[in-house]
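From first to last, the protein sequence lines stand for chains A and B.
-8 is the number of the first residue of the first sequence in this note's numbering; add one for each residue after it.
273 is the number of the first residue of the second sequence in this note's numbering; add one for each residue after it.
A portion of the hints provided could be inaccurate.
What the hints assert, rightly or not - Result set (DSS-like, lysine-lysine): computed pairs, CA atoms no more than 30 Å apart in a straight line:
| no. | chain 1 | residue 1 | chain 2 | residue 2 |
| --- | --- | --- | --- | --- |
| 1 | A | K295 | B | K639 |
| 2 | B | K350 | B | K589 |
| 3 | B | K580 | B | K334 |
| 4 | B | K372 | B | K580 |
| 5 | B | K490 | A | K295 |
| 6 | B | K350 | B | K580 |
| 7 | B | K619 | B | K589 |
| 8 | A | K124 | B | K639 |
| 9 | B | K372 | B | K350 |
| 10 | B | K589 | B | K377 |
| 11 | B | K567 | B | K372 |
| 12 | A | K124 | B | K490 |
It is worth saying that the hints were derived from the structure and are not from the lab.
Residue strings, one per chain:
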Amino acid sequence: MPSWLTLLIAPFIVLNVVIVMVTYVTLLERKFAARMQSRIGPYRVGPHGLLQPIADALKLMMKEDVVPTAADRRIYNLAPIVFLIPCMLIFATIPFAPGLGVADVNIGILFFLAVSAMEIVGLFMAGWGSNNKYALLSAMRAVNQIISYDLPFIFSALVPVLLAGSLKMSDIAAVQQGSLLKWFIFYPVIGQLAFIMFIVSTLAAENRVPFDILEAESELVAGFRVEYSGMKFALIQLGEYAHMIGSSFLGALLFLGAWSGPGPEYLGPIWFLLKAMFFFLVVTWIRWSFVRIRVDQILALSWKALLPATLGLLIMTAVVVVWRTSGIP
Amino acid sequence: MLDESTVSRVEMDWSGPERLTMNMGPQHPSAHGVFRAIVTLEGETVVAVDAVIGYLHRCHEKLSETLTYAQYPSIASKTDYVAAMTSEFAYVLAAEEIGKIEVPKRAQYLRVICAELQRIASHLLWLGTWCMDMGGALGGGATIFLYCIRERELILDLFEALVGARLLYGFFQVGGTRYDIPDGWAQQCRETVDVIDSRVDEYQQMLEQNAFFLARAKGVGIVSRELAEDVGIAGPLLRGSGVNWDLRRTAPYSSYQDFDFRVPVETDGDCYARYRVRMAEFRQSIAIIRQALDKLPAGPISSRPALKSVAQIRIPKGEAYARVEGPRGEVGTYMIADGSAKPYRMKWRGASFSNLAILPHIIPGHKVADVVAIMGSVDPVFGEVDR
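Next comes chain B alone, as it looks inside the complex:
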């Protein structure tokens, strides 16, 4: 039970005799994990929403102090388990920045390939679950969901061939990557992105020519440019509101400046704009993967000797903030190293966490059905919110 005094409620102008307070979550079919929204209803209209998080807290930041630089990337996967590669990426970048560790070109390209494949996989899962939120597990939403899962499976197969795991990878290592690509992997990867490229066309036809989908997505959950900047949301949400901000472009890391890609921006700020941004990102990610595979240089995959013990990597004293553009926005780690094999302190910046803050601003005034549509379009992953 929550102490009533600690619960803040967003109150809006209202006068009338009847109001209904309803819990959506933490166990709810549309909660995308364990999220609790206390919504106050007037009939079907939501007048206030209060977000309660923390059901999935696993002490990730404290945990990082007890694990070495060699061990933690595999655990970093678990913060955002839908885009595991991204969290590992941010962690090793921070360690490399403090230790001034050079990363070989080949490793940088491999990192880019994996990060972009991960972005596609994450967006596929988002598209499926979002449509399921709007269309129901016993309806058209489930159809899209299963199509998306089918394609995501192809990417997981690629990761399995590369790392041996399908969900949490541990592919990144300080100084490079842990594995090189096996024989034939590049060809398989090319074929996979070709398949996904054609399937994304199918989804777009299926959804964008569907009057019911448009009726649910257009004009719903509008985030204005000012609001987006004030609240500090990131990723496709921010770009859906007309802000051209993508860390791959504004602060390139890991050789992103070598690739030719576009940053999709939409100005409407509604669920449909966010959908359009993510659909365009599929194409851009595919383009980046193709270029990276074409230009993949030969050479070592790590600037450091192969790991023989878990405490082998030592990072000199210092602190740094490293950030990457994850599928949901800016994922960052602030790390303080003290010269030992473990960080002294580490802080995660999860994109989902800051994106979630937009909900109380945009949900009031919408119908109950829109709550789940908006929540789905924000695409939160609760492993990353609570860490």
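Chain A extracted, bound-state conformation:
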């Protein structure tokens, strides 16, 4: 197979897998939340509600597409796409097993972090273009929040990078192979702290409760997507969940040893998926047990606590790494 063909086929497969995953991750979340709340969850469509996501997707496709008369049409229509593209691009550098990925570039982590920060452009366009006060407030909050939480997010993601000594994702995964204790989450003190901070900043970057002030349906109805309907709404939803799954994979790769696990090597991607889903469920668990905090409290938490803490941790990690590699006892 010529190499240019691989370059076309691989993203095609990854994109489709991500879309299927998004549909089923919503079902997983709904079932999980339902169990937490002593409910059953989706049950009617297909056995145990297994066809529910497909029914939802079909419903969204058939919905009327409403554009508010006062909206800025070009920005309004473009926003879902601008939002979706970075959310899908983050999968480009994730290796799902040794050698199995779209592009395992040597600045993989950097690419991931940079692209995932780009989603704010789409968010703001959606909020601004809708010409709705709720959407505008939500867009304002989005800019505040994502700028504040990108730094802690990056700093906490850089801790495993320092420990592994590489920005390449497959290198970071390779360092953690072999035994459970090599996973960076089990790295004494630093690993656990970085993992907790990573989860907190992931929650904020993904706009999940307790940091979901952009959506905040009890205050801003649905935030930046209040005017969207039909397929455009579906695209925003798709982007949001894709971003969440991408971050879950990143978390599993950085801290949980990626594809390391018992059994033959071809089970690697399965292990990776299971770990990513574990990470996703932790985030979901937090989402369904906390109330959201206020915008000023969110900013204070970021600038006064999380940012200094992650920065300190990063410096500490650097010191530890230098100390261990220099051979000084």
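Starting from the structure of chain A, add chain B where the hints point.
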């Protein structure tokens, strides 16, 4: 469209170029019914709020003039549909006061049991919706909400066994109650309050050890004692501001003096204080129900003959104001009777209506997110505000 001249705006000291006027309601996820708050924002901070009510007006007071004393208690339920028993209670008390009608002890105790069960059910719904306001229907708030609804369901089951209805009851009648408790009901009631007693512990653990909940509730929407007394709020709001005022204690009706209970008072005046008051009221209501079930005397449930026609009850000429302590505060009816089977005129005093008046005093200066938290802590029911 509202005429601009009829709209009053609370203006505060302010100087700056940009302000945003935003409608929250009448159709809004946190409006608790149909309430419209016109908020003026500076960035995220609310500088003024204007409350618009009246979207749920159903002419209850006029309606009462066309319905007999036997018919209206079922309709009175609909003023405050979250605590339907309370409104019926106030109505029959007023009629009994004018007619000097004695109520048998057993009926009084049954009334107390139902009123207290209703208070628990109402507070459960309040806790759920308030947390949903703060935590979102797609987040931790919905979890608490569903837990609360699960427990409220148990109480509705009790009411269903007693009356046959789950939301609007018609249990109270002038002179007593309409039904006696069925066999086994007392035992079921005891078990239910035991379950709720243990579940309230769970809620308290879940919420009071949750830093995010505390951050949202503490120090938000402070009502000082002076402000509370000036505005004339009632119920848990008033007690959350340090005023020890509970009609069950200060003006006992329906044998409340027979029971041993405490009136919870908190002094902070913020959302958390109101939460604490209501959580303590769960316990007190449970204690009252247990005592009432223990002491429930035998005897008739009504001092009047069983109803055979709707116009059977006639109240002599006179007027009276009767009030009860509802879950949201003082619920009162002022009734003028003219000797016929229908009141000549009747006026409702809804607790939610007067409690709502506190909003423009405490909301300005808070963030948008606090508006819904404060509104939820006031616990308005719009059926009672607009009547």
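Verification of the hints:
no. : hint               : result
1   : K295/A with K639/B : 20 Å, holds
2   : K350/B with K589/B : 26 Å, holds
3   : K580/B with K334/B : 25 Å, holds
4   : K372/B with K580/B : 21 Å, holds
5   : K490/B with K295/A : 20 Å, holds
6   : K350/B with K580/B : 24 Å, holds
7   : K619/B with K589/B : 16 Å, holds
8   : K124/A with K639/B : 15 Å, holds
9   : K372/B with K350/B : 26 Å, holds
10  : K589/B with K377/B : 26 Å, holds
11  : K567/B with K372/B : 25 Å, holds
12  : K124/A with K490/B : 28 Å, holds
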